[in-house]
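Let's have the full structure, built from the sequences with the hints guiding it.
If you read the protein sequences in the order shown, they are chains A and H.
Numbering follows this note's numbering, in which position 16 of the first sequence is assigned residue number 16; successive positions increment by one, without gaps.
Numbering follows this note's numbering, in which position 329 of the second sequence is assigned residue number 329; successive positions increment by one, without gaps.
Incorrect hints may have been included.
30 angstroms max Cα-Cα, derived DSS-like pairs, lysine-lysine [to be verified]:
hint	chain 1	residue 1	chain 2	residue 2
1	H	K333	A	K367
2	H	K74	H	K42
3	A	K269	A	K108
4	H	K70	H	K42
5	A	K367	H	K144
6	A	K184	A	K265
7	H	K42	A	K201
8	A	K265	A	K108
9	A	K73	A	K184
It is worth saying that the hints were derived from the structure and are not from the lab.
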Amino acid sequence: MTLLGDRQQLSYIASQAADARVNLELETEGMTLNIGPQHPATHGTLRIIARLDGEQVVWVDPSCGYMHRGYEKLTEVRTYPQVTALVNRIDWLGSFANEVPFILAAEKLMGIEAPLRAQHIRTILFELSRIANVSLFLGDLGVQLGAITPVFMAFRDREYVLNLIEGATGGRFHPNFDRIGGLKDDLPAGWLDETRTVMKKLRRFCDEIEDLLFGNEIFQSRTRGIGVIPRDIALQYGMSGANLRASGVDWDLRRDQSLPMAWDKVDWKVWTHPDGDSFARCWVRLQEVRESTRIVEQLVDTIPAGPVMTKVPRIIKVPEGEAWVCTENPLGEMGYYVVSQGDLGPFRVKIRSASFNNMSITPWLLKGVYVPDIVTILASLYFILGDIDR
Amino acid sequence: MNSTTLIVADVPYWGQSLFRVVGGLVAVLLPAGTIVYLFLFKMMSFMQSRLGPMEAGPYGSMQLFAEVGKWLQKEDIYPARADKFIFKLAPLIVLASTFLLVVVVPFGPDAWFTDFETGIFYALAVSSVSVLGILIAGWSSANKYSLLGGLRAAGQLIAYELPMVLAVIGVVIQAGTMNLQGIVLAQNSGSMFGFDGLGNPFVLTQFVGFIIFMISVQAELTQAPFDMPIAESELVSGYMTEYSGFRFLIFFIGEFATAGVFAMIASILFLGGWGVPFAWFGWTTMDSIDNWMNLAGPLILFTKMMGVTFLVMWVRFSYPRLREDQLQRFAWKVLIPISLVNIMVTATLKVAV
Numbered sequence: 001m002t003l004l005g006d007r008q009q010l011s012y013i014a015s016q017a018a019d020a021r022v023n024l025e026l027e028t029e030g031m032t033l034n035i036g037p038q039h040p041a042t043h044g045t046l047r048i049i050a051r052l053d054g055e056q057v058v059w060v061d062p063s064c065g066y067m068h069r070g071y072e073k074l075t076e077v078r079t080y081p082q083v084t085a086l087v088n089r090i091d092w093l094g095s096f097a098n099e100v101p102f103i104l105a106a107e108k109l110m111g112i113e114a115p116l117r118a119q120h121i122r123t124i125l126f127e128l129s130r131i132a133n134v135s136l137f138l139g140d141l142g143v144q145l146g147a148i149t150p151v152f153m154a155f156r157d158r159e160y161v162l163n164l165i166e167g168a169t170g171g172r173f174h175p176n177f178d179r180i181g182g183l184k185d186d187l188p189a190g191w192l193d194e195t196r197t198v199m200k201k202l203r204r205f206c207d208e209i210e211d212l213l214f215g216n217e218i219f220q221s222r223t224r225g226i227g228v229i230p231r232d233i234a235l236q237y238g239m240s241g242a243n244l245r246a247s248g249v250d251w252d253l254r255r256d257q258s259l260p261m262a263w264d265k266v267d268w269k270v271w272t273h274p275d276g277d278s279f280a281r282c283w284v285r286l287q288e289v290r291e292s293t294r295i296v297e298q299l300v301d302t303i304p305a306g307p308v309m310t311k312v313p314r315i316i317k318v319p320e321g322e323a324w325v326c327t328e329n330p331l332g333e334m335g336y337y338v339v340s341q342g343d344l345g346p347f348r349v350k351i352r353s354a355s356f357n358n359m360s361i362t363p364w365l366l367k368g369v370y371v372p373d374i375v376t377i378l379a380s381l382y383f384i385l386g387d388i389d390r
Numbered sequence: 001m002n003s004t005t006l007i008v009a010d011v012p013y014w015g016q017s018l019f020r021v022v023g024g025l026v027a028v029l030l031p032a033g034t035i036v037y038l039f040l041f042k043m044m045s046f047m048q049s050r051l052g053p054m055e056a057g058p059y060g061s062m063q064l065f066a067e068v069g070k071w072l073q074k075e076d077i078y079p080a081r082a083d084k085f086i087f088k089l090a091p092l093i094v095l096a097s098t099f100l101l102v103v104v105v106p107f108g109p110d111a112w113f114t115d116f117e118t119g120i121f122y123a124l125a126v127s128s129v130s131v132l133g134i135l136i137a138g139w140s141s142a143n144k145y146s147l148l149g150g151l152r153a154a155g156q157l158i159a160y161e162l163p164m165v166l167a168v169i170g171v172v173i174q175a176g177t178m179n180l181q182g183i184v185l186a187q188n189s190g191s192m193f194g195f196d197g198l199g200n201p202f203v204l205t206q207f208v209g210f211i212i213f214m215i216s217v218q219a220e221l222t223q224a225p226f227d228m229p230i231a232e233s234e235l236v237s238g239y240m241t242e243y244s245g246f247r248f249l250i251f252f253i254g255e256f257a258t259a260g261v262f263a264m265i266a267s268i269l270f271l272g273g274w275g276v277p278f279a280w281f282g283w284t285t286m287d288s289i290d291n292w293m294n295l296a297g298p299l300i301l302f303t304k305m306m307g308v309t310f311l312v313m314w315v316r317f318s319y320p321r322l323r324e325d326q327l328q329r330f331a332w333k334v335l336i337p338i339s340l341v342n343i344m345v346t347a348t349l350k351v352a353v
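Right, dumping it as structure tokens:
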């Protein structure tokens with residue numbers, strides 16, 4: 001017999017116990033259903049091994065790593081400015097938001113800060129990538145539940161946001177725009193006006209989705225009371241982002257920590273929901289898109305003039321030291337622990353991505369649900385494969 | 001039914017058979033093709049702010065032929081562990097149920113394939129045959145998703161058979177016959193409160209029955225919000241997962257042809273079928289209907305069918321899907337009691353009035 005790791009052994013024992021439980025009642029065998037790695041509900045290559053009794057799940061094990069790309073290791077052979085091109089690909093729907101914490105960590109080590117205008121633009125782009133990310137979630141929610149129309153609305157209106165990101169950075173998906181000490185470029189002319197109109201469109205999109213999906217009785221009956229995560233369980237499993245706020249924890253890193261970004265300069269609200277079920281998670285995200293449009297509009301109105309790049313040496317060497325910076329990314333808390341030994345590139349980078357921790361609750365959460373609910377719960381937990389596997 | 005005017009009366013038996021076969025193919029494939037192009041390709045696209053197929057033919061009207069050509073070229077794959085014989089048989093059973101269904105649909109005063117006295121009874125009976133095909137497709141695919149899909153389909157189709165039958169009973173009570181021609185006649189020669197300009201389409205008097213029938217049709221066709229058996233996002237098309245090429249095409253045609261035939265039956269039961277109100281032309285009985293109705297009838301039925309299918313498709317494109325247990329609960333706890341009450345009320349009124 002091959003040696004099993006601790007975790008594998010535990011899960012093996014749990015699966016045996018699940019089988020025993022199934023056998024006890026009807027003398028039937030449990031069915032092991034592999035959901036994924038190639039399955040539409042997993043947005044990529046996540047594999048969920050589910051032991052079923054009829055259509056009820058008795059035991060579940062998420063098996064990730066099918067898309068592991070070794071970014072933490074790869075950063076060690078790259079210089080600091082090169083790393084942003086890598087980390088762009090972690091959460092590929094909100095790429096710019098991945099760059100920011102890493103750049104902030106590097107800046108923290110170097111003891112510099114981006115100019116005020118760059119901070120504003122960073123925050124705007126950060127929120128735009130949040131909108132691009134979460135609006136797709138809102139559309140995808142419909143598809144997971146069988147309503148095929150909302151996703152096309154999401155793609156239609158997300159296109160405006162991607163055009164904005166492309167207009168400012170040159171890249172639709174992977175901007176690679178953030179630099180240590182500021183930004184690559186200033187905004188193009190007319191971009192701010194365009195942003196205002198797009199934000200109005202996005203709010204209309206939110207209303208549309210709320211009408212079409214959230215007001216739908218079938219949608220509510222599929223999500224309300226399904227996949228309930230109590231407050232303390234959510235905290236224990238290290239959930240973050242909207243998943244945590246939907247369990248009633250008022251916790252948002254944009255507000256709760258002071259970073260050289262512009263969130264504290266505008267008026268916005270952190271939404272929470274007391275229920276902790278799938279509906280709450282979806283609803284909190286919907287409100288977050290609305291808040292993001294408000295943040296962007298206010299920042300566009302108050303954006304200061306000035307340079308977008310501070311003075312940095314041509315060859316960037318980060319002094320020796322360690323820094324941890326985390327931000328509230330579209331999927332939750334994302335952080336980089338950067339260890340520098342004074343070289344051109346980092347000595348070690350530990351990436352804390354939100355989806356990996358959010359996924360860790362699935363064995364607890366999916367126990368006892370029906371197969372169709374696996375899909376809704378996974379959709380409402382909202383993970384992105386790149387964010388799990390890195 | 002004056003037999004002297006029958007179009008096929010004087011041709012020999014083989015000619016009549018050929019005529020019936022060709023007519024059956026047209027009656028199944030033409031609605032299916034129209035529904036797929038008009039609703040699945042175009043209407044769905046317009047609802048989703050896109051154009052749909054535009055390249056093949058004017059406005060993409062030849063797209064379906066391109067798709068069929070593509071499917072026909074594909075390899076006929078079956079899984080290594082599949083039960084090959086019934087795996088290959090399953091789509092044919094599903095399609096056969098559609099053809100059996102279209103047999104009783106009347107298209108005009110003399111334009112029918114067969115004229116059963118218990119037509120609607122037969123139609124409801126053979127519509128269940130497709131369950132068999134779906135179940136064995138799910139079982140023989142040797143795929144867990146297909147198995148789940150097949151079992152769900154079986155549970156769902158059996159559960160929704162009942163409200164459908166009960167909804168039809170209201171119509172049968174009101175028309176006083178199970179013959180589909182008789183039901184058409186009863187609606188078009190009837191009158192409402194002495195006014196016969198509209199006939200008496202049962203959609204008005206049997207509105208509850210119509211709604212229940214349409215919901216059940218939606219479930220029978222496994223269209224959203226009742227598309228649990230094929231649920232793309234969880235079961236990856238359920239019982240159809242392992243099918244490819246020609247056999248998938250048969251499932252596909254079967255799905256939309258059945259939608260067309262059920263829409264025809266719904267328009268016969270509730271919207272007056274192939275007929276127009278007889279008072280318009282002074283007709284009183286079946287025999288007094290002019291012969292041109294045999295040509296106009298199919299077109300009228302087709303128009304009504306498209307209207308009903310529009311409803312079915314509209315719901316399909318807009319709604320998310322229910323969960324399996326919610327779906328069963330809806331059938332047993334909501335639809336069946338309502339349809340039973342509907343039958344009681346209809347019967348009481350029928351006797352009282």
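Which numbered hints are broken by the structure, listed smallest first? none
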